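Asks: Heads up: the protein sequence lines correspond to chains A and B, in order. Sequential numbering of the first sequence, starting at 1, is according to the numbering used here. Sequential numbering of the second sequence, starting at 1001, is according to the numbering used here.
Calculated from the structure, these hints are not laboratory results. Everything hinted at is true.
Which chain A residues face chain B? A few, computed with CB under 10 Å, are given here: (1) V31; (2) Y32; (3) W34; (4) A35; (5) I56; (6) S61; (7) A64; (8) D77.
Far from chain A by the CB rule (all over 10 Å, computed), these chain B residues: (9) L1006; (10) P1007; (11) Y1047; (12) W1057; (13) L1083; (14) A1173; (15) R1175; (16) L1181; (17) F1193; (18) R1250.
This one's a predicted model, so the numbers in the text were calculated from it and none came from an experiment. A virtual CB, placed ideally from N, CA and C, is assigned to each residue, including glycine.
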Amino acid sequence: MKACPRAVRSVLLAAALAAVACQEPLPVLHVYSWADYFKPELLKRFETEQRCRVVIDSFDSNEAMYAKIKAGAGGYDLLTPSTYMVGVLFSQGLLQPLDAARIPNRKNVDPEYLEIAPDPQMQHSVPYMLVKTGLAYSRSRVKDPVASWAMLDRADLKGRITLLNDMRETIGAGLKSLGYSLNTTDQGQLAQARDVVIRWKRNAAKFENEQYKSGIASGEFLLVQGYSGDILQVQAENPDVAFLIPQEGTSIACDELVIPRSAKQVVLAHAFINFLHDPAVAAENTSFLSYLCPNRPSYEKLPAALRSNPAVFLDAAVRARSEVVRDLGSDNARYVRVWDEIKAAR
Amino acid sequence: MKRSRLPLAVTWLLLAFFYLPIVVVVVSSFNGARFGSGFEGPTLDWYRRLFAHEEIWPAVVNSLLVAAGATLVSVVLGTTAALALHHFRGRLQRLHYALIYTPLVVPEILMGISLLLFFAAIGLELGLFTIFLAHVSFCLSYVAMVVLGRLQDFDDSVVEAARDLGAGWWAIAWRILLPLLAPGILAGGLLAFTLSIDDFVISFFVAGPGSTTLPIRIYSMIKHGSPPLINALSTLLLLVTFLAVWLSQRLRARSET
Chain A
1 MKACPRAVRS VLLAAALAAV ACQEPLPVLH VYSWADYFKP ELLKRFETEQ
51 RCRVVIDSFD SNEAMYAKIK AGAGGYDLLT PSTYMVGVLF SQGLLQPLDA
101 ARIPNRKNVD PEYLEIAPDP QMQHSVPYML VKTGLAYSRS RVKDPVASWA
151 MLDRADLKGR ITLLNDMRET IGAGLKSLGY SLNTTDQGQL AQARDVVIRW
201 KRNAAKFENE QYKSGIASGE FLLVQGYSGD ILQVQAENPD VAFLIPQEGT
251 SIACDELVIP RSAKQVVLAH AFINFLHDPA VAAENTSFLS YLCPNRPSYE
301 KLPAALRSNP AVFLDAAVRA RSEVVRDLGS DNARYVRVWD EIKAAR
Chain B
1001 MKRSRLPLAV TWLLLAFFYL PIVVVVVSSF NGARFGSGFE GPTLDWYRRL
1051 FAHEEIWPAV VNSLLVAAGA TLVSVVLGTT AALALHHFRG RLQRLHYALI
1101 YTPLVVPEIL MGISLLLFFA AIGLELGLFT IFLAHVSFCL SYVAMVVLGR
1151 LQDFDDSVVE AARDLGAGWW AIAWRILLPL LAPGILAGGL LAFTLSIDDF
1201 VISFFVAGPG STTLPIRIYS MIKHGSPPLI NALSTLLLLV TFLAVWLSQR
1251 LRARSET
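Same shape as in the complex, but just chain A:
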């Protein structure tokens, strides 16, 4: 740079040095989420791009997180609750509306998912990761599998089956097997579903949310009800494990990105949501987590194995019969009652 005199250059250099030396403390984005829910390299990239630090704290259940936020724990700028919990947080006035102008990438969000989402306009939540519930089985030891919840009734697998220990998932599967909505509040339908789940329970070994992964991997269990991302991770270790989505339809759960009312770094939180829906970023995250970020342009960047996997991308007919588990407000009590009856049944 000939045009740049020496003096100017040294001043610039000094300024640059000063900027490094007495750097203002970087703004910190506090994310409250599930453990290992963002690819670490992507967080690094966001930190460099936005000149900030991302600090992640983890929770282990929606309910525990809700109890904390509701009691007044502040300082978190972004949460990742599941859809039904977004409804609860929103109805309690704990979320702030999102500024659409700050999230231009919202145009990338898959409209097909938004059709069934409770907040299709993305006024206070943007979907982050989709999880489907299905059945995993041992290819070599389960003969003639059929893509149906009726698999849970098979007498030859008696005692080698696990069901999810989750009220809405398991009663929901019962409802779906009968052709009803898994968000129904109809007492008659719920009673029928209860009888189905009790029948399954008699055929199963136990209700299980964690150990089914190692159980199906080791062959201790032959058929388990489980979540798509978990099963895909098991498949990477034991290729004998197969996954199917019942034709009657299933539940699609989604973890959403929301900004709590007490957030401090609101602008940065919006930038983070926007960043996560950049197609390249979304594709990297999806491959890392084996869930699915509902980001339309990212799909073509995914590895072929994921794209052709029916557990990641549901077949259109099955998808049409599948639903998102919604918060039912006071009607939730009906499910609790049915669940208690199922748990008490012998």
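The hints should help you fit chain B onto chain A, whose structure is shown.
Replies: Frame of chain A, contents of chain B only:
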């Protein structure tokens, strides 16, 4: 008379009951298979990934900071509380005793949520400091109880004799009470440290942004992360614990001879 084999058998069974789970954790930490479907050859892979994991180590540091601080403060407060309870009788001390005793019987979840509500009400920002305060509030009770037990068979005439010989309160505290109570205080401190470092329920509620402690982190990873990393971490923690116990025993053996 033939001696029965039963006690030996029971001892072995009990040892197996206590230590087999730990052995399983240690062995699985070297297992290449992520879901433990079988043993896929010994590997140090989980340890490598553990050391590269960027969110675990800050949690370890947080836990150690809180535990060290809470132990120090609760040892001082707990010991003085025990002394007061031992020396004075009366209605006030009965109340004091009840206050010290309460955290031992109150369910943790109740304590966690009430502390959170309290901190939120007075507008204290949640973080390491609030975890520290919460831990002091329950560790103190354990220290006080342990030291109080030690004081029960403490000969008060020693203190009276010292006073007769002209010792001031500082000399009495420093040269008589402290050395005689040291084992109790140390035991209380160790108890406080262990309780603080593995507390989950209370910490979960009073933790703020950026102050995730190790148990909170581990709990979330069990549900939604990588269990083998936890096995590796547990193995390292075990190693540190055994080393510390072994060192303290060696030190004690040396001071006794």
